[in-house]
Amino acid sequence: MTYRLEFSTLLKIALDENGLIVPLTISAPIKDRQIQAYFDSGATYTVLPRWLGDDLGFDVESGTPTNLRTGSGVMQTYLHYTTFFLGELSFGDVPVCIAKYHDFNRCLLGREGWLQAVRFGLVTYDNQMYLSLYDE
Amino acid sequence: MQTITYEQVKQQALYLPREAQQTLRSALALPVAEQQQLLTELPARPTVRVSRVPGKARDFSLEQQWLRENKHLYRGEHLAVSGSQLIAHSANPHEVLAAADASGMDFLLAYSPSEEEIPYGGGLWL
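Chains as they are written, first to last, in the numbering used here: chain C, 1471 to 1606; chain H, 28 to 153.
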């Protein structure tokens, strides 16, 4: 049996020893930033470093204190809502956690707010991620 | 306009994974006051809005290519890349942002984990 899916968006991704890297545009209170984020389907939330949260104009510590479990213990963050783009696809009011402390430097793209709203294809060999809105 | 009926929610609940159903059972068994608090908190979480914005997409192929080939040379540093050009790099992200913003160029921000950082094990859970 053969299954076929069609997609409307193609993202060029990258792969390093830490995982799959996706270009992500964060649209925040005072500016947009285009960042490389590690796609982590095991993570509930997207997580940003503290320095990036400050730079984007978030009043970081006004967010909802949210502890995240990680393999190495609990990580303290503040939960905010913002808009991000994957290619042309816009996801508004997505929950994003901003690290409380400055020693976390990576951007992680978690599941919440977008993954259930899309159809998703991945061809790591070609460095390509395919996306469509679920109801397109 | 309400587009999701109680029956639809109920049907979805019946087909949730076992762990999620257990969590739902626990929530329903909470004391009334805590249930009420949960209800009060729920509307505070906005609904995610999804759309397509034609023309918004920026092609990062060149930046991704450059980073694939060169990022390992800048371990422990933040990088700002525009096309195939490295605009700024430093262990201090604020320095990178300041230099990249001053360039007036459109750039992609990246971080190259240091060799001391053990490979990421994934799985960051709530």
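By construction, these hints were calculated from the structure, which means they are not laboratory data. Errors might be hidden in some of the hints.
Taking lysine-lysine pairs in the BS3-like style, the calculated list, with each CA pair at most 27 Å apart, reads [what the hints assert, rightly or not]:
1. LYS1482(C) <-> LYS1570(C)
2. LYS1482(C) <-> LYS83(H)
3. LYS83(H) <-> LYS1501(C)
4. LYS1482(C) <-> LYS1501(C)
Are the Cα positions of LYS1482(C) and LYS83(H) separated by 27 Å at most? At roughly 15 Å apart (the allowed maximum being 27 Å), LYS83(H) and LYS1482(C) satisfy the hint.
Hey, LYS1482(C) versus LYS1501(C), does the alpha-carbon distance stay inside 27 Å? 23 Å, holds
Straight-line Cα separation of LYS83(H) and LYS1501(C) no greater than 27 Å? Given that 27 Å is the threshold and the Cα spacing comes to 15 Å, the pair holds.
Against the 27 Å threshold, does the CA-CA distance of LYS1482(C) and LYS1570(C) hold or violate the hint? Not OK: LYS1482(C) and LYS1570(C) at ~31 Å, beyond 27 Å, violated.
In this structure, the one hint that does not hold is number 1.
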